[in-house]
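Fit chain L to the given chain A structure using the hints.
2 protein chains.
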Amino acid sequence: MSDMNEQWRLITRPDGEARADHFEVQDSEKPTPGDNEVLVRNIYLFIPPSMRLWMNEKESYFPAQQLGEVMMGITLGVVEESNSPDLEVGTYVNGMGGWQNWFVSQPEQLQPVSPHPDIPLETYRTVLDVQGLTAYQGITEICKPEAGKTLVVTAAAGCVGSLACQIGKIMGAKVIGIAGSAEKCKWLTSECGIDAAIDYKSENISERLDALVPEGIDMIYENVGGTIMDSLLDRINDHARIALCGLISSYNGGGVQSTASLNQIVIKTARLEGFLVRDYMHEYEKVIPILQDWVLSDKLKYKVEVVEGGISATIGAMSNIFHGRNKGVQLVKF
Amino acid sequence: MSDMNEQWRLITRPDGEARADHFEVQDSEKPTPGDNEVLVRNIYLFIPPSMRLWMNEKESYFPAQQLGEVMMGITLGVVEESNSPDLEVGTYVNGMGGWQNWFVSQPEQLQPVSPHPDIPLETYRTVLDVQGLTAYQGITEICKPEAGKTLVVTAAAGCVGSLACQIGKIMGAKVIGIAGSAEKCKWLTSECGIDAAIDYKSENISERLDALVPEGIDMIYENVGGTIMDSLLDRINDHARIALCGLISSYNGGGVQSTASLNQIVIKTARLEGFLVRDYMHEYEKVIPILQDWVLSDKLKYKVEVVEGGISATIGAMSNIFHGRNKGVQLVKF
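Chains A and L supply the protein sequences, listed in that same order. Counting in this note's numbering, the first sequence runs without a single skipped number right up to 341 at its last residue. Counting in this note's numbering, the second sequence runs without a single skipped number right up to 341 at its last residue.
Here chain A stands alone, though its shape is the one from the complex (with noise of 0.2 Å):
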């Protein structure tokens, strides 16, 4: 790697997916660090299937990416200069460093990581990190399992969505996977060890919820919507309880979203509960060791794919994510 600072700005808005002439590529000067500052390498990039609806124009969890600005992007790096005593040269450490090589951040703005020695660092950025977070949150705090109780995961292949289906695994529940192949579905089924798994593109939804949930579903855990949550939501029994943890079906399309079976809620007295990791950040350092945990022990199983060829790789890892390509929780190693 060279000394320059390679960043992409966003200069125009996509109107479906993202395409590299929506960005300008600059080379820049390697950022230097003032006082109780330091400058932080990026290692990886985390691609979460919501980067999309950060390029539109509406501000969505995060305020809408400005136009000729570098584009936001969730990174881990290290740090390779220090101007403060708070962080040690040689840290890694989690931050929004943007798409570029380098960035200039005060301490407190980053989150530095300690990985364990059997877990690979890029899972510090994916499965234990917010990822993990909005997948036991969402479960513990919104659906709240109960043995013998229905739980369906949609985006059950991806990453917050399989470990979402774990945890509620864990906490009792019969659980049902819908993702987007046969090899996710078997990977959920028999890796993950789900009850069943529904391939929304080659199998009939209603027909396969019908025999598989004819006690009705209790708890949904949402990351889609769109036709398949109508399905669901068909199906729920009184008091059901969704977490709405993202609409990823309406990402390319400017975020509007629709549902036709909306008086389901009212007839079932259904709870219907947005979610953003960024209200439960102050249980990170519970939540962070009890999904290491599982981890080491074999009972969260999960797929990082890293994918190599630097920044530019960032966009066809995008598409990859929103045709359902990728094989695992997209990474672009810098």
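Honestly, I wouldn't trust all of these hints.
Listed below are several chain L residues computed to face chain A (Cβ distance under 7 Å; list not exhaustive) [what the hints assert, rightly or not]: (1) T196; (2) L269; (3) N270; (4) V273; (5) A277; (6) L279; (7) L283; (8) I295.
Hint data in this document are derived by calculation from the structure and do not stem from the laboratory. Just so we're clear, the structure is a prediction, and the values are computed from it rather than from any experiment. C-beta atoms are modelled at their ideal positions from N, C-alpha and C, and glycine is treated no differently.
Chain L only, in chain A's frame:
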């Protein structure tokens, strides 16, 4: 009134509005109560906006009305014959008396009513009954008003809506109502004392909301759905609480209801909670006296419109509600 029991039986399910030809009218013998039963003469039939929904094949919050059976109806009547030590002749009772002059019931399926001498009898099947309980519980248990927070109520001039507005106001919220005529809006602001009202038929809702609630919306008491609900969801604040009490805009269309703003629930981490008064019937004895005190002290205003003309006037009363032509909550006098 003769001693013949006029009964209206649903024989075909309406597509749109209900008409008289969806019913078969029969004159039967006045029924005779058996052991531990009473004979009740219906005096008032209450016409909730959701009555149309009961006529669909799909169950709503009641089991679906069966074809060929006497149409379900929420009635206030008087005990005319009693074979039960628990209910004396002359007692007023609320019950599910149906579209007929008399019915026989066991006492435990009836709710005795002891009207206050200063309050008209019909109030006890509207404001001081499940309608009042619906407004009170939805506001206190789901919206949870706080001083200075903003509450928007849709169908605000309806019975439940106008009570929800006033209860929100009593509890310190800034209250905006949305209703279907300038006259209704004037009643809400000048009589009921809420902060502002929007006439959705003649005003631009988005512009009015921008002017009235630049601070955003913290609570919604939602009775309507559709595009008005989307306008409200587009303006919610973080952690907004939405009591979803009904979706009157969908009731003539088979109960299907859409929203295009579901993503707002995620990014504002809002809670959308379906609500049926049946879950709160255990609070009836506690809440009705509170509401009765507010009625007696003039803190709760309401308009009840008694439609004369017997059972056959019910169809017109339902149509009045759907088209917003009613001057208050509708009751048909038998």
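Hint by hint, here is what the structure shows:
The criterion of a C-beta within 7 Å of any C-beta in chain A is not met by T196 of chain L, whose closest approach is roughly 28 Å, and the hint is violated. Contact between L269 of chain L and chain A, as hinted, is supported at the beta carbon level, the nearest pair being about 4 Å apart and thus within 7 Å. Satisfaction of the interface hint for N270 of chain L is found here, the shortest Cβ-Cβ separation to chain A being roughly 5 Å, below the 7 Å cut-off. For V273 of chain L, the interface hint holds, the least distance from its beta-carbon to any beta-carbon of chain A being 4 Å, beneath 7 Å.
Because the closest C-beta pair between A277 of chain L and chain A is about 5 Å apart, less than 7 Å, the hint holds. The beta carbon of L279 of chain L is positioned within 7 Å of a beta carbon in chain A (closest approach about 4 Å), and the interface hint is therefore held. Taking 7 Å as the C-beta cut-off, the interface hint given for L283 of chain L holds, the closest approach to chain A being about 5 Å. Using the Cβ-Cβ criterion of 7 Å, the hint placing I295 of chain L at the interface with chain A is not satisfied: the shortest such distance is roughly 21 Å.
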